[in-house]
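Chains as they are written, first to last, in our numbering: chain A, 278 to 781; chain B, 15 to 90.
Treat the hints loosely; a few may be bogus.
So these bits of chain B aren't anywhere near chain A, every CB distance computed over 10 Å [said to hold, decoys possible]:
1) Phe28
2) Val39
3) Thr54
4) Trp57
5) Ala64
6) Val66
7) Cys71
8) Pro84
Pulled from the structure, derived: some chain A residues nowhere near chain B, Cβ distances all over 10 Å [to be verified]:
9) Pro333
10) Ala448
11) Asp523
12) Val675
If you anchor each label on the Cβ, the simulated ranges turn out as follows [unchecked claim]:
13) A:Asp566 with B:Ala19: 44 to 52 Å
14) B:Ala19 with A:Ala769: 33 to 41 Å
15) A:Ala703 with B:Leu30: 20 to 28 Å
16) A:Phe689 with B:Gly69: 24 to 32 Å
17) B:Leu30 with A:Ile664: 53 to 61 Å
18) B:Ala19 with A:Val528: 30 to 38 Å
19) B:Ala19 with A:Asp279: 40 to 48 Å
20) A:Asn464 with B:Gly69: 43 to 51 Å
21) B:Leu30 with A:Pro653: 21 to 29 Å
These are calculated hints, taken from the structure and not from any lab test.
All C-beta atoms in this analysis are idealised placements derived from N, C-alpha and C, irrespective of residue type, glycine included.
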Amino acid sequence: MDIAEGLWLGLQQAMQPMMLLYCFVGVFIGTLIGVLPGIGAMATISLLLPVTYHIPPAAAIIMLAGVYYGAQYGGSTASILLNLPGTPSSAVACLDGYPMSKQGRAGVALFMTTIASFVGSMLGIAILAGFAPAIAELGLKFGPAEYFAMMLLGLVAASTLASGSPLKGLAMVVLGLLLGTVGTDVNSGHPRYEFGIPELMDGINIVALAMGLFGIAEVVGSINQPREGQINDRITWRSMLPSRADWKASVMPMLRGTGIGSFFGALPGTGASIASFMAYATEKKIARDPSRFGKGAIEGVTAPEAANNAAAQTAFVPTLSLGIPGDAVMALMLGALIIHGIQPGPLLMTNQPDLFWGLIVSFGIGNVMLMILNLPLVGMWVAILRIPYSVLYPAILVFIALGTYSVNNNTFDIYMVAIIGLLGYALAVLRFEAAPLMLGFVLGPLMEENLRRALLLSRGDPMVFVERPISLGFFIACAALLGWSLWGMARAILRAREQALDPA
Amino acid sequence: MGPLASVSGSIVLFALLLKTAGLVVACSASVLVASLADRTITWRGRVVAAAVIAGLCWLIFIVALGMVLPVWPWSA
């Protein structure tokens, strides 16, 4: 099936009224939580997961995906108006967006970020549609050994390339793998790490884990934070239209941002946040006058926004075509797909082309809806930002508790949220990234299955991983990444020692 | 320490009260405990927030999503 056929099939799927409705619901909720600081795509997708059990799988994924990329649109609104990022990837937009609003150019900033997000998304979708089938073809040649090696690379990449110390990242991945083993072993039926608690027989509830790790820590960190500035000026249509100079200055940053975003989005282990930071850094480096950045340079908002949206779309490339999640939210999405009985991977495109292409076309439709939601209706989002956080966060906590309960209808899961929340808070305070943990937790069971299958097929011979060329390639890449981060750490230690010995 | 204690406390309290005292009591108690961490809200504000959030939860989870949960202490 070539791309044109696929898109036509997808269009027929995505234009069905139910799909359109859920797409709209998804992008609406996505923008809403993107705008609100303190609650993000991760928390919302976990909360909506139980809701999706009652709707058909395609609609469910369309909605959850809508939340994911919709959040990338709304995140910059709070950054620009309140100097508080709505989503982690829009933190960069604070740097130049907030000064712009201080200069009375908030409307222009909001307008341009929406356009940038749209451009980034649509180009990202084009890349997704173009490359995913090709990568899936490649993936068909994968056996269990290759899958294991690739997932291993994904985990190593996630821990070494993400922010923070690679060692801490690896530790989190291992912790995630360990937590993933809790439950009943699929092959033998033996209970593992259950401590006699029957509720743990199915493993740790993924929603409880996600909520505890990300939601609780974020809420705790955001209480009592001062919300800088009140939103005084009204945003009128006229104040939003940018000048010709603005347009001219933004075209290339948008395109560059899209390129950077698409690359980082498709790479396992990196996602929208890193993409937006890299785009900002790139713009600053190649600008003719770097001192403008931080004071309201429009490139500083359009490039990162294009980048994070492109990354959000291309993150689906490895997830859908290979079954390897690119970041923690994709891992959750993968979990959601599996729960609905959809096996992501190279066979998805051949077995369920209507689902795959329907999803891609719905991304395009969703982005158009988002343009409409974010441009004329921006006043609505601004009004919502006026709700005081003191009222918002208790509501968020109660929703977290109820949402987790609704997965299995048992209160044990709510206790798990509290316990994992304490763990998540401790990790945040100690500067451990929770995202690699999530990746390890979701990929762990899959890796184990593939490992066992590979060894079964090779009659227990571990050399199978280096004998097969693709698998060997992945292992070499892993070794290279680990070697590179070790070298980086060694250099840092040596440099610190030099400076300590020679304070001059 | 304060915010952490009240946030985790409110979740644990919710779990304790949900099946025994019903949704409304659990929601309200949770909100009250959670809002203890916030220094800027008044007691009246807390009570109003508790009532509003309990009402919202009832609307969203019981009416719209059809979850089977006791709503009041006597319906448990």
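Outcome of the hint check:
1. Phe28: 4 Å, violated
2. Val39: Fine: 12 Å to the nearest Cβ keeps Val39 (chain B) off the interface.
3. Thr54: 6 Å, violated
4. Trp57: Holds, since 12 Å exceeds 10 Å.
5. Ala64: Ala64 (chain B) not clear of chain A: closest Cβ-Cβ about 8 Å, inside 10 Å.
6. Val66: 8 Å, violated
7. Cys71: 6 Å, violated
8. Pro84: Pro84 (chain B) is indeed farther than 10 Å from all Cβ atoms of chain A, at 12 Å.
9. Pro333: 17 Å, holds
10. Ala448: 22 Å, holds
11. Asp523: About 38 Å separates Asp523 (chain A) from the closest Cβ of chain B, which puts it past 10 Å; holds.
12. Val675: Not fine: 5 Å to the nearest Cβ puts Val675 (chain A) too close to chain B.
13. A:Asp566 with B:Ala19: 44 to 52 Å: Given range 44 to 52 Å: holds, Cβ gap about 49 Å.
14. B:Ala19 with A:Ala769: 33 to 41 Å: 37 Å, holds
15. A:Ala703 with B:Leu30: 20 to 28 Å: At roughly 23 Å between Cβ atoms, Leu30 (chain B) and Ala703 (chain A) fall inside 20 to 28 Å, so the hint holds.
16. A:Phe689 with B:Gly69: 24 to 32 Å: Given a distance of about 27 Å, which is inside 24 to 32 Å, the answer is holds.
17. B:Leu30 with A:Ile664: 53 to 61 Å: 28 Å, violated
18. B:Ala19 with A:Val528: 30 to 38 Å: Given about 51 Å between the Cβ atoms, the range is violated.
19. B:Ala19 with A:Asp279: 40 to 48 Å: 59 Å, violated
20. A:Asn464 with B:Gly69: 43 to 51 Å: Between Asn464 (chain A) and Gly69 (chain B), where Cβ atoms are some 49 Å apart, the hint holds.
21. B:Leu30 with A:Pro653: 21 to 29 Å: Between Leu30 (chain B) and Pro653 (chain A), where Cβ atoms are some 46 Å apart, the hint is violated.
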